[in-house]
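A.B. asks: Please construct the entire structure, taking both the sequences and the accompanying hints into account.
Chain by chain, the residues:
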Amino acid sequence: MERDRAPSTAPAALAEDEVLAVRDLSIGFRTGIGELPAVRDVSFTLRRGETLALVGESGSGKSVTSLGILRLTPRAPFCRITGQVLLRGQDGRVRDLVTLPEAEMRDVRGRDAAMVFQEPMTSLNPVHRIGDQIAEAVRFHEGLGRRAALDKAAGLLELVGIPDPRRRLSSYPHELSGGMRQRVMIAIALSCEPQLLIADEPTTALDVTIQAQILDLLRRLQERTRMAVIFITHNLGVVAEIADRVMVMYAGRVVEQAPVRPLFGAPLMPYTRGLLRSVPRLDLAGLGRERLAAIPGSVPDPLAPPPGCSFAPRCGHFEPGRCDAAMPPLEHAAPEHLVRCVRWPELAAGTI
Amino acid sequence: MDGLAADPALLEVRDLRKWFAGPRPGPFRPRARVRAVDGVSFDIRRGEVLSLVGESGSGKSTVGRTVLRLMRPDGGSIRFGGADITALGRDALRPFRRRMQLVFQDPYASLNPKMTVEEIVGAPLDIHEPATPAAERRRRVEEALSLVGLLPSHAARYPHEFSGGQRQRLGIARALILRPELLIADEPVSALDVSVQAQVVNLMLELKERLGLTILFISHDLAVVGYISDRIAVMYLGRLVEVAPTRALFATPRHPYTEALLSAVPIPDPTVKRERIVLAGDVPSPLDPPSGCRFRTRCRYALPACAAEPPALREVAPGHFKACIRDDLALASAIGAA
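Each protein sequence line maps, in turn, to chains A and B. So in my numbering, the last spot in the first sequence is 356, and the numbers never skip. So in my numbering, the last spot in the second sequence is 347, and the numbers never skip.
To be clear, the hints were calculated from the coordinates, so they are not data collected in a lab. Treat the numbers as computed from the prediction; the structure is a model and nothing was measured. One thing to keep in mind: the hints can contain errors.
[What the hints assert, rightly or not] Calculated cross-link-like contacts (lysine to any residue; reagent style SDA-like; alpha-carbon spacing at most 25 Å):
| id | chain 1 | residue 1 | chain 2 | residue 2 |
| --- | --- | --- | --- | --- |
| 1 | B | 217 | A | 297 |
| 2 | B | 217 | A | 295 |
| 3 | A | 156 | A | 96 |
| 4 | B | 282 | A | 156 |
| 5 | B | 282 | A | 208 |
| 6 | B | 217 | A | 288 |
| 7 | B | 282 | A | 96 |
| 8 | A | 156 | A | 208 |
C.D. replies: Have a look at this one:
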């Protein structure tokens, strides 16, 4: 089994400006027909104020990775997490979330790291007023009284751009639009000023004009708080807009990781290339009637993966004997550019 | 307002209205009316792909369903192949139904998990051509499957054995087995992953060319729509605000809502920097839409006059229609900016 290393080589601590270091994170689910490896050997680091986009299609393991970081996956023995997740807390202490006792984990969630989910309607409790739902986190983590917590909640609603925040405190979730609900979710996530925000497809359920509002909001809030953000999405347009660095996942593994410009400008993994070519681009639309370059086939069955590279059966550069021999290692193509493909030197040189 | 196309159109929709009963504003008071579609007119020529784009609540799906006569319109007319189908009853509609078929958004919910592919894809034959002999039925199912890139051997399988993209192919095969003239596809690729989405978009373009299909493509995704359509109609709160050939709509949008919508779509290229027009607030409630132009409450170019009259859809360049009283605007192009 190969060992993937993030660019940082610090063994058990975090560099000064780093908030999070994930090392060799693997997550497996127990099923009736054996363990299903959802995430394998994921490693990355995240600095203060940085946005890492986690990109992949359904089943790539991107959401499970984020849930695993906060240990929101089912408990053992139904789910097994191995590896290290080092997070710097508000107090400056570095904890390994994989081994942290559940009681302490509860303090970490919401205070040091918070999460925003895709569907704001199912994430909010329909029978509680939104003011109380925002105040809950503050009361739990900061021990504020109800009145003080509600004052803080009103301030948070104002921060996320909800008009008339005082009155909105007593609204129920169903009285708000989708975009407003997502703003409330962000207000809850930010209530304790976390070091790390994990946003799992936060704009996928929203209309484009509302998505633009939310992306704008997240950018402003990040500038202000310098929090680190993991943004999970399948939308490459959103990635291009918000990410500093991008990590592409396929079939549970990282297949490419790079700063946003080289990733879009000179991707090395054939899957990343295929993904970028299959996206219709608005600014090129209607220019000609050329076909989109679709990737043939679909993602492999995680319980019956192909031998060697998981992408090999769909890859245009597949070479028998090399690509199906063993899982290619994640290699440095450049200091900040990691790629998992045995043919990347040829791809980089443009010879294939 | 009429004469959107010079040559005879396969589908002519005029002043279409569909209202739904809303909540009661108080006890013993009549229900409010949700004007989901409020005076929509357009044509689709034979062999053309017209896309209807808009955000949630714009009424685009209601237009699709009303055109198919899955719902009875509350006003206006629908002519299909020259015949008025606006008020036809169930039996009179039957011969038209086989000529217009629907592809659904969710390939998981729209296929019965207890039926085999052969039963699912062949179901329209059972309704419209019940006398088809078994061998012929089987042959037509296999033909429809190969048309969408699936194998004849798939006929014996069940939907759960297929991936999302393959399921959507099944949905398309079912829609095509009767060889319809008009295909109405309501967000057919929205539930699919990007790489698979491209497969299905390509398939639809290929089928359009091979079978001479006419397609009404309903979607919220402007980038996908840009690939597939000949013309695009933009809806906002139950009304059309702009209709234009694809290239013209993107290069020279004429309605402020189109401009904002185009600018909100993120471009998958970090080197492209555009000015983003962020619309304030949400779409107003269709229970109580703004007077005059419905977009004026979020429009950065709105004038007091915009509140007076609902602006008519008028032709401002050949084939380019807009419903906006302001002709003095220079709106941002989605293409020039890149």
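A.B. asks: Determine which of the earlier numbered hints do not hold for this structure and return their numbers in increasing order.
C.D. replies: 4, 7, 8
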